[in-house]
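Residue numbers (the working numbering), protein chains in the order written: chain A, 3 to 321; chain B, 3 to 321; chain C, 3 to 321; chain D, 3 to 321; chain E, 3 to 321; chain F, 3 to 321.
If you are wondering where the hints come from, they were derived from the structure by calculation, not from laboratory data.
Treat the hints with care, as some may be off.
Any copy, or any two copies together, can satisfy a pair, since identical chains are not distinguished.
Said to hold, decoys possible - No farther apart than 27 Å at their CA atoms in a straight line, the calculated lysine-lysine pairs in the DSSO-like style are these:
#, residue 1, residue 2
1, Lys132, Lys164
2, Lys84, Lys21
3, Lys178, Lys316
4, Lys321, Lys136
6 protein chains.
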Amino acid sequence: MNANTSGDGFWLIKTVDKKINVKGAPYLDMTLCDRQGEMNAKLWDYSELVHGSYEAGELVKIRGSISAYNGQNQLKVDRIRKVVSSDGVDISDFVPTAEYSGEMMLGSIMNVINGVADPELKQLTYALVKDREKEILHWPAAFRLHHAMRGGLLYHTLSIIKLAEGVCRIYPAVDKDLLMCGIIVHDLCKIDEFDLSPAGLVTGYSIQGELIGHLVMGAMKINEKAEALGISKKTAMLLEHMVIAHHGEPEFGAAVRPMFLEAEILSQLDKLDATIFEITSAVSEVGEGEFTGRQWALDNRKLYNHARKPVVVKAELDK
Amino acid sequence: MNANTSGDGFWLIKTVDKKINVKGAPYLDMTLCDRQGEMNAKLWDYSELVHGSYEAGELVKIRGSISAYNGQNQLKVDRIRKVVSSDGVDISDFVPTAEYSGEMMLGSIMNVINGVADPELKQLTYALVKDREKEILHWPAAFRLHHAMRGGLLYHTLSIIKLAEGVCRIYPAVDKDLLMCGIIVHDLCKIDEFDLSPAGLVTGYSIQGELIGHLVMGAMKINEKAEALGISKKTAMLLEHMVIAHHGEPEFGAAVRPMFLEAEILSQLDKLDATIFEITSAVSEVGEGEFTGRQWALDNRKLYNHARKPVVVKAELDK
Amino acid sequence: MNANTSGDGFWLIKTVDKKINVKGAPYLDMTLCDRQGEMNAKLWDYSELVHGSYEAGELVKIRGSISAYNGQNQLKVDRIRKVVSSDGVDISDFVPTAEYSGEMMLGSIMNVINGVADPELKQLTYALVKDREKEILHWPAAFRLHHAMRGGLLYHTLSIIKLAEGVCRIYPAVDKDLLMCGIIVHDLCKIDEFDLSPAGLVTGYSIQGELIGHLVMGAMKINEKAEALGISKKTAMLLEHMVIAHHGEPEFGAAVRPMFLEAEILSQLDKLDATIFEITSAVSEVGEGEFTGRQWALDNRKLYNHARKPVVVKAELDK
Amino acid sequence: MNANTSGDGFWLIKTVDKKINVKGAPYLDMTLCDRQGEMNAKLWDYSELVHGSYEAGELVKIRGSISAYNGQNQLKVDRIRKVVSSDGVDISDFVPTAEYSGEMMLGSIMNVINGVADPELKQLTYALVKDREKEILHWPAAFRLHHAMRGGLLYHTLSIIKLAEGVCRIYPAVDKDLLMCGIIVHDLCKIDEFDLSPAGLVTGYSIQGELIGHLVMGAMKINEKAEALGISKKTAMLLEHMVIAHHGEPEFGAAVRPMFLEAEILSQLDKLDATIFEITSAVSEVGEGEFTGRQWALDNRKLYNHARKPVVVKAELDK
Amino acid sequence: MNANTSGDGFWLIKTVDKKINVKGAPYLDMTLCDRQGEMNAKLWDYSELVHGSYEAGELVKIRGSISAYNGQNQLKVDRIRKVVSSDGVDISDFVPTAEYSGEMMLGSIMNVINGVADPELKQLTYALVKDREKEILHWPAAFRLHHAMRGGLLYHTLSIIKLAEGVCRIYPAVDKDLLMCGIIVHDLCKIDEFDLSPAGLVTGYSIQGELIGHLVMGAMKINEKAEALGISKKTAMLLEHMVIAHHGEPEFGAAVRPMFLEAEILSQLDKLDATIFEITSAVSEVGEGEFTGRQWALDNRKLYNHARKPVVVKAELDK
Amino acid sequence: MNANTSGDGFWLIKTVDKKINVKGAPYLDMTLCDRQGEMNAKLWDYSELVHGSYEAGELVKIRGSISAYNGQNQLKVDRIRKVVSSDGVDISDFVPTAEYSGEMMLGSIMNVINGVADPELKQLTYALVKDREKEILHWPAAFRLHHAMRGGLLYHTLSIIKLAEGVCRIYPAVDKDLLMCGIIVHDLCKIDEFDLSPAGLVTGYSIQGELIGHLVMGAMKINEKAEALGISKKTAMLLEHMVIAHHGEPEFGAAVRPMFLEAEILSQLDKLDATIFEITSAVSEVGEGEFTGRQWALDNRKLYNHARKPVVVKAELDK
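Can you build the whole structure from these sequences, using the hints too?
Below, the structure written as structure tokens:
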């Protein structure tokens, strides 16, 4: 919906607060979202009796009108009700979702694991993924920023694998088994780092996510699993290093810097995929020949849409 | 030659100085090199009459013995003479040289230019390469550090092209024409940035290399050539941006930060290829399970040789 | 106009947006300016039929009243109309403008060029200025910050020349020809870096301004012109270096650091003039014995008005 | 022994290399040490037959003379032989050693553990220390820098405990159980981080020490032990956080920054004890009213010996 | 008072502004505070005749109701009047105040001075405190941040003394006289650095506070007093150094870095006490198991309330 | 003297050490200097009886020969004796010395003080200079780096005054009295910061120079003198601020950043004069078209000798 339009629509409630204005009248202040993005909404003269009560994560149908307010569109709600089954709408239509099914992406990754020759790496990586096979199907890769979508964790992981296949073809020194297993496990503990809404979007960091972080959690998980499976110390140590070093620099959260080739390549490809995602996302929101605003996640750069090709935020993962 | 051995050998003189010791006796202090590396050499009691006179860049035959001195091997010269044609040795055997011929690598790059659909980019890139077709065949990519070898400029360029082909397959938003042309021209002005010895190794930066640098020189060259060929301002500007931004960050020499997708990818792949080269070079000098010393060019990191694969300093460019 | 006053006045519209308030009523949200500064204005219950339609850059007459709102004065518009010729007001009275005429300042600079002994520097500098003689008469030196005024580019350039004359008197090692020519050309490509409103104020950066920047654009222009005029490579290179180095440090946009005396002096005098302008501007807005707020452009410093002299934001350029 | 003296003495060989001088004659180049420090030694005209062969870590008796060479004392060896039991010298007399016995210090720490009220923290901490009770008795706390001495790990740990007791008396918000247990386990994995010589001094980092580091190793050990003992996730997580955060800032190796009071206090007291040790060590080497050279480990500061009290490098741990 | 409550209450006016809303109606916009914190208040349709006029620093009685507005509570004022003596309220009940009386804390500090053996240090420190004995009784230690409370300066000073007593017991190298005197004088010139409201809270920095700062002011005061009392240059210099170095690093305002042991310990303990105060303050505002927002004064960290103990913002100074 | 020459010459001994070589023979290791620079010298087989004994700061006559050793010239001493009066050499011929006499420069500065209209500033500045009138005549401005010469302090101060006169002519907002007095006193306490050799060169920092620094010492001196003369607090405070802020940034030693116009101008002109001195010094040591090595004092830059003018390290102070 654009500014100065009115009508009906379905929305997912991302946040909702009951407030009282300066005249003492209660109103609802909500953030609504769909696949395209978010909008602020106000329901003036809110009455629980009349309008019902709402929580974050619920799907609603709203009638209202949109106006510009401080440079942002704002939806004035006239009517609101919860979605019912006869509306035929599905929550996954209201959250950004990876373009490929979780099953397809996990299948591709399992194929990669199958192709690993080193028996220790293969067994360890398989076990680590297997433990999370339910959550991994839909987990996002981030809170905000790159791949903050249902299935984003697999999407991001598989994109890096595709990049790494190209790298392995070119540089014979790269140990492909080690690189692939490192890629597959590097972000697995994002599953413990975030709390998720029922709709599958990150609502914030877990306590362990804040206090320990997915890098060190990942190392602890590998250590535990390797011990349980009788994997050699050295194999576990190499994977652990790749996980705790994959942010590259201490200031970006790496516990140590990458100290062997595959750890460095993982770190650089991780950054490359994330950057491509963030640049295309940012540029897709401005017109031909325009610049985006400063992007916090991209060192505060503005990005230019040169419009030589359509800007699609996508990786081809099925080829 | 190893420590505590003696015998004959051919060497290239990299530097040579006539000095006088504390007793007043003259001696020659030289740096000799071959494909494997460098060594200090001393010719005590030097007499021009007896031994002849020598300059950097000459090939010589030496008889002498090697001993450890302050943790470095040092060659004590007993006899020395210049190489003669009957010795059958060739200068290119004494400098590090790319594994593929300049002609083969330039041919591959010309094929890539041929495949560019955009006529302006194709014409401009072709003309820029054509202007340097003689020097580019053997030019190194660096003074010290990555690809400081005969033919290193083409080697490095072609390696990035190979990486970029993988990236283009995965991300449909990438404009392949623009990316490939940016890669091909990004380091061309290294030809003006370095002074070269007759043997084809960089001896230092040129005055223009210091005062202007290959990034801005590259932009000026594109601007000039585009004007001459009647190429549109926009096309020239995009290539110029890619060249002056390819070091990524101002602190690494970028005049501006990359502001569109292809400029960013060029910058990251440039770094990826250089890093892989430097890590494999460094690791190839230590044994299994050992760490290198701190590498200045790699943020002062030590690198670990896990020895899961032979460490080869190489990119496969002929596949 | 001060808070809590009402009356008539002429204003220049800097920005104007049509918005709709939470009750659905349309209103105009404008930024108005005159030589003293800017003010937000609201025209409630806006009707195009009744009030007419307006664009940025137009001069208008407004009746209204001013009140404090969130610590800022705000103008409530009662009546508005476009200026007509019989109003006798001129757009240059509504934008900050240099204290000296463009013609006078350009004349002084041409005199300096006339005094250059080195024929190459003289010819090259003259040609570069001549090419821009129309725009240079009124071009500002910045978007925001120092010398963001009509004629600011000449004002800033001439101020540095005056400073440099003092420096040349003191230090015999300084090559005055080179320093003066470097000063004259150092910011010339700000003419390509900004987009201008009809009123002569910067409205933002041009695309080339963002992607290339006025430093590298300047070097390309010198390179082009030197080639056309048959100027020696060395002369062009020295000027190019001064231009791409004049921001002093990479983090402030310099492509290289200054590497000879005149380049360093240009860089420091450029900063000195800009800083004096910014400090006097900031301090002129607070009373005796008071501090300004933190100034972003001055490393976040607060400045103190010691009030020992009247604070005038001015350079004496006609002596 | 001072410069320009000669005579007999016992030394520990820290490093030993067989080298050949420029005249082709073999010699031994050694670093010798005793409790006071180190000295370079040369045995000219070395012959294995005549002098015997030596390894790092051996105790030797040497006759020779000391001279200044490049501002450092150097020992010219005339005679050398291995120590025999009748010499009555003990290796622990030749390495810097903590002032209290390992048994006494470990006893004090065990008392602290006994005083912990929280049963989970008590059990977990006890088990972690128990696992290392053999090594901990003599382990140093560092390679170079603070507490690089036999028993230094216990010495440093107990010093922090003493500091923490004072802090707990003053601030009622501090959870003493948590703080004490965090202190006791924070550096335990230094036992895995260093390789030790037979004499009990660190010879370098272990592979795991380089690739993982004692912070993340510590977290993995706690995680493993807590699982084995059935300790709650939360208790383990708090201790793990304290360990991976105790270096305070990412640039000093912390995987995360301290996020609760006890983690912050541990981090600051760890730094306080280390700094006091380093300052007193540095100052003890210069005379009254003098400054030390720049201390790399103390942000490159010079330190001043004001000589108001005797400079003793010591903590009182038995009170 | 919580959101959505109404009733009567006493408040201290921290700031008050007369404003006019977009309809032209005047209103009062106030910040009110009591010991628990601050709240914004609006008095709509303000009339000086009806409501009276008010200034910052006055105590008032207000009837009104509280609602949430933009996530902050806001008080809508229905009635307001100044406090009269019969209300029986005291200004010190409305500003955060140290838990111990100024007299008790100053007494403890005088005892410490009495215990100093060095006659010069004792005389100098006594004289410096004596000069400020009136202001020191109630002065706060900061504008915002740690110990921004009546009596905060003594509270903070005495807390550091308690910490230092622990340190002196452990490390025999510490000169206790010097350390104690340094602690006592280190922040004394905060008395000149801040301007105070009648209620004893900092309203901002004094001109001298901004231009010179309490570190250099402290050094000048010591220098002056030492001269007057005939104290030796060396003693004065040591104290002066401790004062100008106590912020530890130039980026935190230290004029030099600490260069002897007692200066370093002062700097670290100063930071330790401040950090403990700030962490406990921040954590006391969130519930069990929650994180605070990012704390600007704590390197932008979030802090975790692990809730193992009650969070009290307090130091025990009477034991 | 150049390499491979021999003969007689006079030298000043900068440092001298008696050492013993590996064969046990004593030798003298000296640093000698004259106005052109320094050289290492060795007197082999030194015998006090034969050669006499020597101390730093003595003038000697030496016969010997110069050879290159490790890229540096080294003087082998054959004969040495102390200078006698009949040699007719003067110590001031052997240390770098300002081009103008101390009396002439001090006279110029006294003229500037005479021209100050503000009676407080005039009286205070005069008194501060008068106190040091003996030392100021010959004091250097630095240990190493810019103006490390006899009379360098006056030379540097007068150069800045000349620069400032130009600035005052251009910008009417500058308070000339304040700026001139700030310049004259800004470095006065360098007289307390350095220890001097009899020859008038800095031998190192004084204890007070290290612990307090010339910036804070300067502020203390102004404070003391202003009190003694009954100068107003405000006048003293402005000068004190200029002194403690004149290094511009905390990382370069400023206790606060400059907060008014004259303080900022002082700081920038101080840097400008120092930079011009350092660039011309560095460039004067390389040939036409060459680059210097990296200059530590100039942000590690290399400097280029474009040779358009003779490189003279000089300021014209007598015009």
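Query raised in the report: Honestly, which of those hints from before does the structure not fit?
Result: Failing hints: none at all.
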